[in-house]
Every structure is written in structure tokens, then in C-alpha cells.
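Enquirer: One-letter residues, chain by chain:
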Amino acid sequence: MNATIVEAVNDALHTEMAADERVLVFGEDVARSGGVFRATEGLLEEFGHDRVVDTPLSEIAIIGGATGLAMYGYRPVAEIQFSGFLPPAFDQLVSNASRMRWRTRGEFTASMVARMPYGAGVRALEHHSESMEGSYAHIPGLKVVIPSTPSDTKGLLTAAIRDPDPVLFMEPKRIYRSFREEVPEGDYEVPIGEAAVREEGEDVTLVSWGSMMPMAEEAAANVDADVELVDLRTISPMDTEAVVESVKKTGRAVVVHEGPRTGGVGSDVVARINDEALMYLEAPVERVTGFDTQVPMLSMEDFYFPNPPRIAAGIERALSV
Amino acid sequence: MTDRQRTDLTPPEPESYGGPVEYLSQDDLRVPTHQLVTPDGEYDESSIPDLDDEAFRDLYRWMVSDRVFNRRMVKIQRRGELGTFGTTRGQEASIVGSAYTVAPDDWMYLGRAWTAMFMRGVPMRDMILFWRGIEESQQSFAEHNSQIAIAVGAHLPLATGTAWGMDIRDADEITMAYLGDGATSTGVVHEGLNLAGALEVPALFFCQNNQYAISMPFSEQTGANTIAQKALAYGIDAIRVDGQDVLAVYDAVMEARERVKRGEPVFVESVTYRLDAHTTSDDPHRYRTEEEEQAWEENDPIERYRSFLESEGLWAAIDHDAIVEEINAEFDAALAAANDFSEREVSEMFAHVYEELPPELRRQLTEFEQFLEEHPEAYDYIDQRPKG
Chain A
1128 MNATIVEAVN DALHTEMAAD ERVLVFGEDV ARSGGVFRAT EGLLEEFGHD
1178 RVVDTPLSEI AIIGGATGLA MYGYRPVAEI QFSGFLPPAF DQLVSNASRM
1228 RWRTRGEFTA SMVARMPYGA GVRALEHHSE SMEGSYAHIP GLKVVIPSTP
1278 SDTKGLLTAA IRDPDPVLFM EPKRIYRSFR EEVPEGDYEV PIGEAAVREE
1328 GEDVTLVSWG SMMPMAEEAA ANVDADVELV DLRTISPMDT EAVVESVKKT
1378 GRAVVVHEGP RTGGVGSDVV ARINDEALMY LEAPVERVTG FDTQVPMLSM
1428 EDFYFPNPPR IAAGIERALS V
Chain B
962 MTDRQRTDLT PPEPESYGGP VEYLSQDDLR VPTHQLVTPD GEYDESSIPD
1012 LDDEAFRDLY RWMVSDRVFN RRMVKIQRRG ELGTFGTTRG QEASIVGSAY
1062 TVAPDDWMYL GRAWTAMFMR GVPMRDMILF WRGIEESQQS FAEHNSQIAI
1112 AVGAHLPLAT GTAWGMDIRD ADEITMAYLG DGATSTGVVH EGLNLAGALE
1162 VPALFFCQNN QYAISMPFSE QTGANTIAQK ALAYGIDAIR VDGQDVLAVY
1212 DAVMEARERV KRGEPVFVES VTYRLDAHTT SDDPHRYRTE EEEQAWEEND
1262 PIERYRSFLE SEGLWAAIDH DAIVEEINAE FDAALAAAND FSEREVSEMF
1312 AHVYEELPPE LRRQLTEFEQ FLEEHPEAYD YIDQRPKG
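Read top to bottom, the protein sequences are chains A and B.
First residue of the first sequence: 1128, per this note's numbering; consecutive thereafter.
First residue of the second sequence: 962, per this note's numbering; consecutive thereafter.
Worth flagging that the hints you see were computed from the coordinates, not collected in a lab.
The structure displayed is predicted, hence computed values, not measured ones.
For every residue, glycine included, the Cβ atom is placed at its ideal position computed from N, Cα and C.
Accuracy of the hints is not assured; some may be wrong.
[To be verified] What follows is a list of derived Cβ distance ranges for each label pair:
{"hint": "1", "chain 1": "B", "residue 1": "Arg1081", "chain 2": "A", "residue 2": "Asp1351", "range": "45 to 51 Å"}
{"hint": "2", "chain 1": "A", "residue 1": "Gly1233", "chain 2": "B", "residue 2": "Asp1131", "range": "45 to 51 Å"}
{"hint": "3", "chain 1": "B", "residue 1": "Ile1343", "chain 2": "A", "residue 2": "Glu1327", "range": "30 to 36 Å"}
[What the hints assert, rightly or not] If you want the ones that stay clear, here's a sample from chain B, every Cβ over 10 Å from chain A, calculated:
{"hint": "4", "residue": "Arg967"}
{"hint": "5", "residue": "Thr971"}
{"hint": "6", "residue": "Pro973"}
{"hint": "7", "residue": "Gln987"}
{"hint": "8", "residue": "Asp1005"}
{"hint": "9", "residue": "Gly1224"}
{"hint": "10", "residue": "Gln1255"}
{"hint": "11", "residue": "Asn1260"}
{"hint": "12", "residue": "Glu1264"}
{"hint": "13", "residue": "Ala1278"}
{"hint": "14", "residue": "Asp1282"}
[As the list claims (entries may be wrong)] Residues from chain A shown here face chain B by an in silico Cβ test under 7 Å; the list is partial:
{"hint": "15", "residue": "Asp1156"}
{"hint": "16", "residue": "Ser1160"}
{"hint": "17", "residue": "Arg1228"}
{"hint": "18", "residue": "Thr1231"}
{"hint": "19", "residue": "Arg1232"}
{"hint": "20", "residue": "Glu1253"}
{"hint": "21", "residue": "Thr1367"}
{"hint": "22", "residue": "Asp1419"}
{"hint": "23", "residue": "Asp1429"}
{"hint": "24", "residue": "Pro1436"}
The shape of chain B in the complex, shown without the other chains (with noise of 0.2 Å):
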């Protein structure tokens, strides 16, 4: 457990006195972007993360999965089976190379990165589910002790408060926080990660700047010149990667992950990039220029490892046509359990508010159910909602 004895107090003592007034200027910070493998698919062989053939194998399926998920999410979703969802569609590397590192015990919270959870176990019918508004799919995440924060940024100070007891109980496991650049504009994100600066807690927050928050581009949410540099200010150390390079996204987390087992919170920028709408309600082409869209388009993550993995003779071991129609009939079989999943009575609302049922919210169920059984038809009209 982090040592917080107090300590005394003492005046400040500059290292010289005279002279100019000084700032205290970004523009004087170095802040590096660790890469491993250049958008053309060099790299230096020393430098490569130590990994056996089977995870870098791993690795690339994970990243196809996410992906052809996707693309299968935003299909029924145009059919109308979905009720609105948001890609991560180039993004994987992030996703998928951060998502690596977690060990089971780990905690996580998680924004836009569902591949992450299927990861830790969570199953693709949970996630269809989740996106169709039914309660379960959110249990299930919990299960594998994880959850999806809509409200962006108001999870901060919970991963700070998980890992503040995994600190206490000295525990083997830490707590990863995804979040988003738009979320450190929030005010929730600044009060979570000073907390976890000044109690030192093994909280290690991912951070995905994909370079928008819905239209708003990096270069307008802050003037910051980078995401990385503002963890300094918590007293927290921070690591800024190439999302697009997934073995350098593994490589700077499980870097950041031994030291916040050591006690010490740590903040990882990944500078990615969200080559979709923020959901199949948002259109980018309103305040984004297909030519920008184009040159991360070239800057595929799946494509830059693939070079590697090429380079490195591992390429023939891997049947990506079959990885795809394995992912799909995985998609497939969710879908049907899913479209299985059988329709809730309405008591299930008044569930789970509190551990007891309160006697007026007992009442106001009472009245309701009275209600239904006395018009039958009362809700005949709803059939537009999403199977579920």
C-alpha cells in the first residue's frame, strides 16, 4: 500500500534568484510517440515486443475481429435491429493492443472499445444486446468486471476509487480506465486523475485520441498540445504512442501496467483515429474533409501489421479469409441468441432500483400491472422497438 504519511510542509527555495520572469511553457516539453513499426512497415527487430508466434497471430485476429464486428453491428443496425452504435473502425490497434496486457482480476472501464470486452470473456450476444437497450447485457459486463461509461469521463473517479481499494488491499490486480480526448475536457476527468496522483493508486488510464468528440477535432478541445502532457500536471507519468502501431500500443501498456503494479498510476495517450461517425445518427462529412479521412484510411492499422507479420514470415500461417468467416459465424450465432433472448415482463423496470422494493414503488408496479391487465392492447402500437 502507497506510504501517505504526512510530510512537513517548507518554503519553496528557487534555484537562483535575478533575472527575467519565466515562464512555464508546453512548448518546452518533449513529449515522444512511441512507435515500433513505421506506416511502411519498418521496424527494428531488437525493439519488438517478446512475444511468442501464437499472440502475434492473436494479435492480428483480435484486430479483424473488431473490425468485421463492426461492420456487422452498423448492417443490422440499417435493418433496424439496433437502436443506434458507434464503430471503432480504426481504432483496432489501440483497442486490441492495449486490451492484451489485462490480466483477469484487472477491473476495467471502458468506453469505446467493445472488442476489449469480448477479450476478458464478455460475450458477443451481450454486446448486440447491450446496443439493443436490454439491461442484461450490462450484468453480464459486470460480470467480467467491466462496464461501458456513456456519461463521458464521469468513470474516472470510479477507476480511481477501484484502484484506490486494490491499494489497500495490496492486491495483485489494477484498475484500466478507458477514456477518450473529449472526456478530458470534462471536469469529472480532471477530479478523477489528481485523485489517483495524490493517493497513488494502481489506476492505469488508456486514453484513445481518436481526434474527434462527435465534430469537434483534437485541435479545438483543448490547448494542449498533447493529451499525454496533462497527466504531469496530477503528478502522473504518461506515455504517448502511435495507436495504429499494435505492438507498440502492447508495448508502451504493459510497460505502463508493471509500473502501476509497483503503486504508481500512469496515463497512456494512443493517438488513433475514428474513421466512422461517431454513431449511424452522426455524418462527418459536416465538418470533416474526405482527404483527411483518406490519409488514415492509408494509415490502417490491420494493414501496417500485416507488413510486419509479413517481414517477419508469420503471414503464411494465417488464413485470413478464414479468420473472417470464423468472426462471422460467431456474429451469426450471437445474433440468433440474441433474437432468442426472450421478451422481459415490465416488472423488470422496478427491478434493481434498490435491493428492496420501496412500498410506494411497490404500488406504483402494483397499479401498473393492474393496468395491463385491464387494457391488453394499451401498448399494441409499440412495434418498432429493436427485437428484445
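Okay, chain A solo, but in the shape it has when bound (with noise of 0.2 Å):
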């Protein structure tokens, strides 16, 4: 089917609560409403109110819920409306799911999915607008994924939800409509823990995610050089091998995200980059990312997140040593 990404995650669900009964499917305004950007349409007529739940307006108990099910066995794909909603449920991810398999040695597991919409750039209010994979990336025992494309989204979401482990599914939102590509029918995989090289090159590493791949795209096309160009899609565990590899290549790198700079994933790349490729780097990694600064109201917020202008100038930064 050619879909975009959002209807990637609502084909994902339907694939995967057909295939699997232990899957639930719950949230705010999921089941009658369809969700507030049409992730979860269908489900609630295909699978009915037992499997496909309007919860009330509790992201703690939304949370904590998911990870009680999957305790108990159940597969659930729990919904945060927006990711500026889920800080209340931090302390749920940090406390309890997140710690499951490890408080118990393995004696109960947190096998579930947290899916939110991220990012700014779709006119919001307040707390609408946030990309803080950086936050969620720094909690042990949880994984965080970011797909960019619509067959990604299907091929990861459906891994996440089979995952053994739980599952921060952060969904681009600013795209989640704004291009359409192939997505094949029926239930695959894209492994997580795999980054994805979407275009090879040979003078300059550019390692981005989510919502600023288009964006990262664009401006590699725009400037005088050969660019290889990295799809994180898994921000924890990160594929350290497939961006050093890379780089070893390149000698030069840039790191491109829309969360503020400090404590941002990128810094943890820079980090793995000096870790496992300093010999290689011909000039210093650049990162090109959100400020340190709150999200602006809406109109500015365009003016907050990396656009291929400034991107492609970290590019040339990065090619001026």
C-alpha cells in the first residue's frame, strides 16, 4: 500500500492486534474518536471496546496501566496524545517499567508500547511541541524509537510491539502527512537497535532522525559534497557500529536533531564518534540541533528546530577544516 506515516502505525496496529490477541490498544481518545491524528481509526469497529479502550485523562495510569498488563501478559500499545503529556508518566517509565525485568531477574517483563507524536511545527499550543528523546534516552532498561519513513514506522512499531522489552515509540508528527511512500502488505519487521544508511558518500557523515530527516536530506543535496547520510531510527540502544563505521569513512560528521542541544542524543553521538573513530575525524564533529532554549509559541516555533539552510551551513563547517 502507499501510505503516509501515520497511516503506517494505524496499519502496524491492525497487523498486529489480527496477528496477536494478547495486543490492546488504549489511550486518550483512541477507540470512538479514532485519536487526535487519526493513528488508531478503525480499530475500535474491527476490534472492538475490550481490546481498543478510551482511558480517561490519565497518562499515569496510562502508563502504569500498559505496564501492569504486560506483567500480567498482555501486549499493550498504550497512546500519549502528545509527548509534552507524558512528564507526568515519566515517573512510571523510570520507576516501574523500565526497572521490571531487572527489580524481578527477569520474573516479570514490561513488554509493552508507549506511542507519542513529537515535535513542533504543526501549530500547537504549549507542551504540544517537544522533542526530549534525549530524556527518555537516558533510561536504562527502556528503548527508544524514531522512525522517519513510512515503511520504517510499520516495520519498527510492529517489532516494538513484539519486543521483549519496553518500547518508547516517538512518531515524527510534523510529517506524519507529508509524504507517502510503498509500505508492504502484511506483518515485517525493521529490527530495532539498526540505524538505516540512506544515501552513501564519501565526504561527510550526516546522522540524524525522525522528524529532521527530510530536512537533513534536502540540505545533503544542497551542498557541493558527497554526503552519506545516517537514519538513527533506534535512539536507544543506538547503533554505535553503523554511524563509526561511517565515519571512518568520512572523516567528518554532523549531527542533526530538534531537541535542545545540552543532553542532547547528539552529544552522545559526538561521544561514541570520539570514542571508537578520533583518529579518523579531519575536523570536529558539528551538531546542529534545537536550542537550549523552551519550544516558542507557534509563531515562532519554525524558526526553533535545525531547516536545511542551517544544516547544510553545519555541513560546509564541518567540510571548511
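Each of the two chains sits in its own frame; use the hints to bring them together as a complex.
Expert: Here it is, written out as C-alpha cells:
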């Protein structure tokens, strides 16, 4: 099928719910309304009220409840309506979901998915625009996945639902519907923990993920250099090898992400390059990121996150040394 | 200030012993709903609040103002001049009746109650700027000791905290927090209310139960029969009021306010209805029937109040069309002023993150300004954002 990212989410949920009756979908406005972004549309009609549930407005209970269901053998896919509403439930991720396997020495696990749209640029109100994957990647025991294409979205979400550990699945809502591509019918997995090389190149490695990928692609096309474009896809556990191998080849790197620079995942990418490929570097690794500020309200939000000219300038800096 | 002396804990002393296990059940609670004017316009003269004719007219004017403002906002949103917008149509009595009790020095935390801010002097222009995503709007709200909570329920502990300060200072003002039915399902509301009950602070919690949290009807939001009863669990007394009856809302909140001023928190549940969509991005026909909407359309708070004014002989002195015209003119002026609001420099993004810009942030700003100087065309493609 030819699908957008949000349609691929929907397709993956339909496919996995049909294949495994332990899979449950719940969250705010997901059932009758089909989700505020329509990601869960049609699930209620196909799988009924027992498996597709509108919950009260209770993020803590949604994430904590998913953890309890998972411990009891279900495969919950919980939706947090906007990633900006996750913080109250951060406690449940940190204190329960991510620690259940460790706490019980594997007797109980939290095989669950928390899906949530993230990022700025959809003209919403405060708390609807954050990119906090850096904070979530800091939690041991939690996997953090961010797709950037429709076919990856379906394969990664399928893998997340089947994963034995808790997965935070962050969906780039700005590009939810911005393009379509062929998405395979039926079920398939894109493995968690593996980056993808989108374009091979010799001059410089451009590492990014999620909502920044189309921007990075456009920037790569606009610079006078042979750019190797790496889509990280899984933030944690990160595919260090893919990044390091690319940098060993190009000797230069730029990391692009939407969230704040300080404590951002980009810092970790740079650190891993330093750990494994320092002697191959011909220039300092550049970071092009959101600023260490609140995401502005909607009138200025487009200035907050990197755009192709900013990314191109970063690539040129990396090439100038 | 509330006496916070510790008292010794004593073992429970049951009233009797023996017999079967007894439940404490919500079904045994009697939760009355305060109403002064029936939907048919009937009322008992002796229970009507003692307001002068001007105040009676004022209440009408503010309710109409709320409706006109909402209508105009939806219109300009459709023209692409706002990000999104959520109306308060159907909740005019709930909002105006409650906000009419507020004193200038009170603090307010608000949800879906834009007119409550106009009533304390926030210019209409600033509400337009807010929905255009311009930060200065929230500065204006703050100048009026008020703010809008977008993270549902997250403001409740703030309300308890400011009321706590008022209690310590023995201040005359109170804190009033608006919240919705959905908010009462969050953990943070539980904690905020519990702290207010435990410390006995002068906070008035005004919950507009408009029956919907986006698509979730109140009947599925909670197993509780009413929201008002939840307050009891925190040791806070509650009032449930017909939110389509502006005089009943005013009466209930005035009564609550008197008690709050004596240092006890009070919780008011106002039973109302969100007649429009959650926001301009929502389609309520995915989750509710037109029959249900129609029943509430017929329970229009402005119509009910008008029949009261007619019965009282106050209607003759009110020129409804002139009020609408006035509000429209006010909106036109506010919109023009909002359109005149000058575009800000990108440095605005870095303002107010901290009192003093830390060196790293200063570096990020300098780099960005330098980038913009070298690439003046870098953001030329941004032409869709609402004016501001």
C-alpha cells in the first residue's frame, strides 16, 4: 500500500492486533474518535471495546496500567496524545516499566509500547511541541525508537510490539502526512537497534532521525559534497557501529536533531565517535540542533528547529577544516 | 492563618459493634444541584441574589460578549489567522457567573474560560495574540494575576501554593482555580486538592464539568457519580451547581468565596456542556449524537437568563443588538491591534529562559544571529504562520 507515516502506524496496529490477541490499544480519544491524529482509526470497529479502549485523562495510569497489563501477559500499545503530556508518566517509565525486568530478575517483564507524536511545527499550543528523546534515552531498560519513513514506521512499530522490553515509540508528527511511500502489506519487522544508511557518500557523515530526516536530505542535496546520510531510527540502544563505520570512511560528521542541544542525543553520538573513531576525524563533529530554550509558541516555532539552510551551514563547517 | 498545631492520633472508636460488614457507598450520598432559575424560566423571587439592576444587566452583557468573542475567533481561525481555537459556547453562565465574584486582587488559574480574564481587565487583543502563539499574551495574563493552564490539571498545586501563601500572610485575596471534568482524572489534581485540604488554604476550585474531555464523555471519565463528591475525600466541602443558570452559579460561588475567605478551601462543580468541538481541529460528530447536542442547545444559558430578565422587567432596558454591535466593534479593534503587533526578532526565543542568559545560551544566540545575517533568505519559506 501507498501510505503516510500515520497511516503506517495505523496499518501496523491493525496487523498486529489481528495477529496477536494479546495486543491491546488504549489511550485518550483513541477508540471512538480514532485518535486526534487518526492513528488508531478503525481499530475499535474491527477489534471491539475490549481491546481498543478510551481511557480517562490519566497519563500516569495509562503508562502504569500498560506496565501492569504487560506483567500479566498482555501486549499493550498505549498512546500518549502528545509527547508534551508524558512528563507526569515519566515516573512510571523510570520507576516501573524500565525496571521491571531488572527488579524481578526477569520473572516479570514490561513488554509494552508507549506511542506518542512528538516535535514542533504543527501550530499547536504550549506543551505540544517538545522533542525530549535525550531525556528518555537516559533511562536504562527503556528502548527509544523514532522512525522517519512510512515503511520503517510499520516495521519498527511491529518490532516494538513484539519486543520483550518496553519501547517508547516517538512519532514525528510534523511529517505524519507530508509524504507517501510504498509500505509492504502484511507483517514484517524492521529490527530495533539498527540504523539505516539512506544515501552513501564519501565526504561527510550526516546523522539524524525522525522529523529532521527530510530536512537533512534536502540539506545534503543542496551542498557541494558527497554526503553519507545515516538515519539512526533507534535512539536507544543506539547503533554505534553504523555511525562509527561511516565516520571512519568520511572522516567528518554532522549530527542533526530537533531537541535542545545540551544533553541531547547528539552529544552521545559525538562521544561515541570520539570513543571509536577519533583518529579518523579530520574535523570536529558538528551539531545542528534545537536551542537550549523552551520551544517557542507557534508564531516562532519554525525558527526553533534546524532547517535545511542551518543543516547545510553545519555541513559546510564540517567540510571547511 | 490556619492553625497547624499537631494533635495526637487516637485509635478509631466505632459507633457500635457486631453486625454485617457495611460499605461506605457513593449511592448513599445526596449530592444536590443548586438551581435558582429553571430551564423554563421559573424562579422563587426570595432566593435570587441581591444584585442591583446594573449588575443583572452586566451579567447578560458578559455572557453575550463571551458568545460573540467565540464566534469571531472561530471565524478568523477559519481564515487562517489563528493556530487553533476552542470555544466556550454553552458555558457562558458557568464562566460569567463564577468570574463575576472575583475581586481584583484574587489570583486566577484558568482553563476554558477566556471571558473570565476579560472581566478582570485582560485586553481582548491579548487573547487573540495567545491563540496566535505570541508569548507576550501570557505576560499580559500574568500582569492580571492569572494564567491559562494548557497541561491539563497541572495548575492545581500552583493554586494550592499561592493560596498557602495567602494563608500565611493572612491576605484578603483568594486563589481561584478553574479546571474541567477531564482534569479530575489526573494525578496532579488529586495531589493539589489533597494538599489544599490538608493545609486548609483559601483556594476555590471551580470545576466546569462540560461533559467532555475531547471525545471522552463524563460518564466514562470516572466511576464517580459526580465530581463534587470527589472533594469530600480530601476533606474539602463541595457545591454542585447548574452551570446553565448564571444566577445559581453566581450565588454558589459567592457563598463558596465567603467560606474560602475564612480559610477553608471549597470545590464547586458546575454542570455545563461544551456545545462546540474541543477545538477547531476536532469533529464531535465522531463521538456524540446530534440529539444530545440539540437537547443542550435547548438548555441555552443565555436564553434562560433572558427569560428571567423579562420576568423581572429588566429586559426592556437591554438593547441586545446594540450589545452585539459593541462587542463586535471591540473585537474589530482588538483584531486590528493584534495585527499591528510587530514581528519579533529571533532573539525573543532566548528571552526569559533564565533571568540571565548563561554563556552557552548566549553562544547559541550569537551563532544563530550570525547565521541569519549570512543567510538572510534562510526562512523565506515561512509564510504560513499566523500574523505576529
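Enquirer: All hints, please: hold or fail.
Expert: Here's how the hints hold up against the structure:
1. With their beta carbons about 59 Å apart, arginine 1081(B) and aspartate 1351(A) fall outside the hinted range of 45 to 51 Å.
2. Taking 45 to 51 Å as the suggested C-beta distance range, the pair glycine 1233(A) and aspartate 1131(B) does not conform, at roughly 58 Å.
3. About 32 Å separates the C-beta atoms of isoleucine 1343(B) and glutamate 1327(A), a value consistent with the hinted range of 30 to 36 Å.
4. Taking the minimum C-beta to C-beta distance to chain A, about 30 Å, the non-interface status of arginine 967(B) holds against the 10 Å cut.
5. Every CB of chain A is more than 10 Å from the CB of threonine 971(B) (nearest about 34 Å), matching its label as outside the interface.
6. Consistency note on proline 973(B): stated as away from chain A, and its beta-carbon is indeed over 10 Å from all of that chain's, at 30 Å minimum.
7. With 10 Å as the threshold on Cβ separation, the claim that glutamine 987(B) sits away from chain A holds: the shortest Cβ distance comes to roughly 17 Å.
8. For aspartate 1005(B), the requirement that its beta carbon stay farther than 10 Å from each beta carbon of chain A is met, with the minimum near 38 Å.
9. For glycine 1224(B), the shortest C-beta to C-beta distance to chain A comes to about 30 Å, beyond the 10 Å cut-off, and the non-interface label holds.
10. Distance check on glutamine 1255(B): its Cβ is at least 19 Å (rounded) from any Cβ of chain A, clearing the 10 Å threshold; non-interface status holds.
11. Every C-beta of chain A lies more than 10 Å from that of asparagine 1260(B), the closest at about 23 Å, which supports listing it as non-interface.
12. Every CB of chain A is more than 10 Å from the CB of glutamate 1264(B) (nearest about 30 Å), matching its label as outside the interface.
13. Taking the minimum C-beta to C-beta distance to chain A, about 40 Å, the non-interface status of alanine 1278(B) holds against the 10 Å cut.
14. Non-interface call for aspartate 1282(B) relative to chain A: holds, since the shortest CB-CB distance, roughly 34 Å, exceeds 10 Å.
15. Interface hint status for aspartate 1156(A): upheld, as the beta-carbon distance to the closest one in chain B is roughly 5 Å, under 7 Å.
16. Because the smallest distance between the Cβ of serine 1160(A) and any Cβ of chain B comes to about 4 Å, under 7 Å, the interface hint for this residue holds.
17. Given hint, arginine 1228(A) at the interface with chain B, is violated; its Cβ is 25 Å from that chain's nearest Cβ, farther than 7 Å.
18. Residue-level restraint check for threonine 1231(A) is violated (minimum Cβ-Cβ distance to chain B is 25 Å; threshold 7 Å).
19. With a cut of 7 Å, the hint placing arginine 1232(A) at the interface with chain B is violated, because the nearest CB-to-CB distance is about 29 Å.
20. Because the closest C-beta pair between glutamate 1253(A) and chain B is about 5 Å apart, less than 7 Å, the hint holds.
21. Hint status for threonine 1367(A): violated, given a least beta-carbon distance of 26 Å to chain B, over 7 Å.
22. For aspartate 1419(A), the shortest C-beta to C-beta distance to chain B is roughly 5 Å, which falls under 7 Å, so the interface hint holds.
23. The closest approach between the C-beta of aspartate 1429(A) and any C-beta of chain B is roughly 5 Å, which is under the 7 Å cut-off, so the hint is satisfied.
24. Interface hint status for proline 1436(A): upheld, as the beta-carbon distance to the closest one in chain B is roughly 4 Å, under 7 Å.
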